[in-house]
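Colleague: Chain by chain, the residues:
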Amino acid sequence: MARIELKNISKSYGNIEVMRDINLDFADGEFIVLVGPSGCGKSTLLRMIAGLETISGGDLFIEEVRVNDVEPRDRDVAMVFQSYALYPHMDVARNMGFSLEIRGEKAEIIKGRTAKSAKTLGLGALLERLPKALSGGQRQRVAMGRAIARDPKVFLFDEPLSNLDASLRAEMRLEIAKLHKRLAASMIYVTHDQVEALTLADRIVVLNEGEIQQVGKPLELYEQPRNLFVANFIGSPQMNIMKAEFTDNRLVLENGERLEVDVSLALNEVAHFGIRPEHISIVGVNEGHAIGEADVVERLGSDSNIYVNVENIGQILVRYHGDISLEVGDKFGLKFNLDRSHLFDLNGMAIR
Amino acid sequence: MSVISKPNLALTIGKYLALACYLAFALFPLYWLFKISVTPEKLIYTDGIALWPSEYTFDNFKSVILLTDFLVYFKNSIIVSFGTAAITTIIAAAAGYAFSRFNFRGKKVIIGIMLITQMFPLLIIIAPIYKIIAGLGLLNTLTSLIVVYTAFNVPFATFLMQSFFDGIPKDLEEAAMIDGCSRFQAVRKVVFPLTLPGLAATLGFVFTAAWSELLFAIMLINSNDTMTFPVGLLTFVSKFSVDWGQMMAAGVFALIPSCLFFIFIQRYLVQGLTSGAVKG
Amino acid sequence: MSVDKLTISASDLGRRRTTGKIKQIAEPYLYLSPSIILICLVIFTPLVIGISYAFQSMHLFNPGDVEWIGFEHFEKIYSDRKFFIALKNTFWWTFGSVLLQFSLGLGLALLLKQGFHGRKVFQALIFLPWAVPTFLSALIWAWLFNPVIGPLPHWFVSLGMLDEPYNILADPDFALFGPIIANVWFGISFFAITLLASLQSIPDEMYEAAAIDGASKWQIFSKITLPFLAPMIVITVMLRTVWIANFADLIYVMTGGGAANSTQILSTYIFTTAFKKLDFGYASAVSVVLLVLLLLFATLLLKMRQKFVRVN
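Protein chains in written order, with this note's numbering: chain D, 1 to 352; chain R, 1 to 280; chain G, 1 to 312.
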């Protein structure tokens, strides 16, 4: 349980700086998710916190102590690896008790602690098995159990669920959420899956190309993305982005439609208009902001995704709650819920 | 191979025929060695080309052990080969670990240097080595052989060990380090147990190489007390009027340790080279 | 935050960072140092000394009488008929051995890649010749070629390859075949082991994909297996070629370069010059020439590899 502070952290390989100006402050017991596309530096950042990667510049504090040059073993952090990194030659019990064994704890204490964390994760019957005799999901649980057994200051997760199939992933996601509630421990979690990010996090850190794009609560990122990158990255299906221009005191889309938006904003800077698929409704042909023709209809049961071709704008995705009786080729109007729309300037920064 | 194909009779027969040819080619010379070693001296020439002598005897083996310095040579060779194998494996494991786990300045240069050691005619350095060893007063010592053999076997052993280490995921050490191990502890408790087959393969490979080395042994050793097996065996040719039966019996003895070792390790050798390539 | 802690870490900051970094940079060199020191002392120091002999007049008969003579030895090589015979023989010896070892080794590796009953035992036995000490292999093969105590000449006669059973090691026209066959026997294992290892590292999906795409067995071999093996093949062939060119033991024990120099290769020539004539200077000069030739060959092969081999 610990407060973690990153001040001006940077990382370079040789002369190439891959990460810069990372400033973050994580509160005690917070669940932080680092999210971003592959290669954005999220894993590197996590490994720097773990001490597996050197910090090129800046300071890292765990519980007010600067730990830049502290060995991983002295940082008192636990990590769950994407590959699980279970020791193949040790049985489940020894895998989970390994850190305690290294610390020189008494055998009965180790046994008690492993038994307890095994029980928590439902691994009680597997304690004597070797990792190779476990299924993927069981291995994942052992990796988590190994972290829990040692009761660290901070839990680090490096894409722990990405090797599991979809249903197991959902199950383990729930398990991790419960775990956090029960242990009230600080957790830092790396993923590229925004569903994991949105469901697990107290706060999400969105990274791209080694820079922080936005830090915030999950719904904050969804409702007020700070820039185009976050707008595109958070939310599934993706936000529709269209070009927009400011003429005659009005915001004009490329199909000539003038939009009624709040004139108190700096409208002359607007370059992009964004609207999420769930904030568009289907109306009669001449009632909406645009006229389109259904190209593809995906029926998911609970929702329908409708890909609509709109002249001069391109394809717009509409999400309709429930099933809809539409055929490919049908023409209709699209009405944007302007209260939930987003405006971005030329540099892709949000205007609000 | 998991591609399913219809069993083709001609092809299957051809395959087993080819396997039989390989096996015959590989084993026939060894059989001949054995055959001569059990042929009584008087029949060596008369039964020279017969596939099996009309009489056989194990006298040659007996007299090799009882009448010659065979046991001395054998002991010396065991000391030299085990010493070389053990030291080489330790040194090569350290170097292979560095190659596998670190990126550092000069890595390519050092790999290049190690490759070059495998390339030049050994003869060019035999004379200087002789002079150096003589200058140090180490002629006729087993130590000198161990040092020289170790140096020559370290490069290949290093590449071999590297490929074994490459086959062990880096995550495991990192997990161990986060679990509270120093790097040394992580290697000892996690990497070492997993690389035992690799260590065995390297050990066996170097043992076999040291066991059969002749050139340096001839140069650096000429006292009977410190002769290794190959040199001793050659003296059979020169000292007595060549006693082929005894010599071949001694040869059979010479084969036993290295062959046993090799049968045991060849599986790991293939496996080691494979795992390195897979991770590549 | 306690004030004490802060002051300590601030004052320590500079020093601790540098020691940490030095430790981290030095670590791999630390692990490499034993091998590097050993190789430098036992291989490179003598190598430099050995090369310097090439430019000195050095007979072990009169150790005091050492003088620098520049390129005299190399001029002598130029007009040395025996050297050129040995060079030609080195070529045929190396080429023949490598070609046969490689093709038979590849065949064996392909056979071993397929499963069959008793594969494990077979593999252990088939690799045995590699474990046989070289001098012993040489002696065994010398015996096999001897018509009095070996069966081979008689078999050659029944196959119609010879008119009467005689020892081909004594026949200048055929003598080189003897050591080459012994060398092939001894060296197939090396190729088979390395090629088998690379074969096993080709993912099965590749074969499956090719089979689904309708490739025949031969197409699978030539379009998938060979290109995948190519980088390994080039390296293995290079290392083996160099090694075999330097490999004197077999020939030295089997023929001593004999049958009228017909099996004299450069490395046996060097050996005889050094240890029979005790002319270390000249022997070193020949070694240097051999070394240069081999380095040229290796560079050429590696250049070709960069050019033609794209799969890696």
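Treat each hint with caution, since some may be false.
Below, a list of computed lysine-lysine pairs in the DSSO-like style, where the Cα atoms sit at most 27 Å apart [unchecked claim]:
1. G:K76 to G:K276
2. R:K15 to G:K76
3. D:K116 to D:K217
4. D:K153 to D:K178
5. R:K189 to D:K106
6. R:K108 to G:K217
7. G:K217 to R:K15
8. D:K181 to D:K243
9. G:K303 to R:K15
So the derived list for chain D, only partly shown, Cβ under 10 Å to chain R, looks like this [what the hints assert, rightly or not]:
10. T44
11. A50
12. L52
13. T54
14. E71
15. A85
16. I102
17. A143
18. G329
I should point out that these hints are in silico values taken from the structure, not numbers from a laboratory. Where is the CB? At the ideal position from N, CA and C, for every residue including glycine.
Colleague: Does R:K15 sit within 27 Å of G:K217, going by the straight-line distance between their CA atoms?
Modeller: Distance ~15 Å between G:K217 and R:K15 Cα, so the pair holds.
Colleague: Identify whether the interface hint at D:T54 stands, where standing means a beta carbon of chain R within less than 10 Å of its own.
Modeller: Status violated, d = 12 Å.
Colleague: Let's test the interface hint: is any C-beta of chain R closer than 10 Å to that of D:I102?
Modeller: Holds: closest Cβ of chain R sits about 4 Å from D:I102, inside 10 Å.
Colleague: Please verify whether D:K153 and D:K178 have alpha carbons no more than 27 Å apart.
Modeller: holds, 18 Å
Colleague: Under the criterion that the straight-line Cα-Cα distance not exceed 27 Å, is the pair G:K76, G:K276 satisfied?
Modeller: holds, 19 Å
Colleague: Compare the distance between the alpha carbons of R:K108 and G:K217 with 27 Å, and conclude whether the hinted pair is satisfied.
Modeller: Cα-Cα ~39 Å, so violated.
Colleague: Close enough to count: is the Cβ of D:E71 nearer than 10 Å to one in chain R?
Modeller: holds, 7 Å
Colleague: Need the status of pair G:K303, R:K15: alpha-carbon distance at most 27 Å?
Modeller: Violated. G:K303 to R:K15 sits at ~37 Å, over the 27 Å cutoff.
Colleague: Taking 27 Å as the top limit, are the C-alpha atoms of R:K189 and D:K106 close enough?
Modeller: Satisfied, since the Cα-Cα distance of roughly 18 Å is no more than 27 Å.
Colleague: Mind checking the alpha carbons of D:K181 and D:K243 for me, to see if they're no more than 27 Å apart?
Modeller: violated, 43 Å
Colleague: Straight-line Cα separation of D:K116 and D:K217 no greater than 27 Å?
Modeller: violated, 33 Å
Colleague: When the nearest CB of chain R is found for D:G329, is that gap smaller than 10 Å?
Modeller: With Cβ-Cβ at 46 Å, over 10 Å, it is violated.
The structure does not agree with the numbered hints 2, 3, 6, 8, 9, 10, 13, 18 stated previously, though it agrees with the rest.
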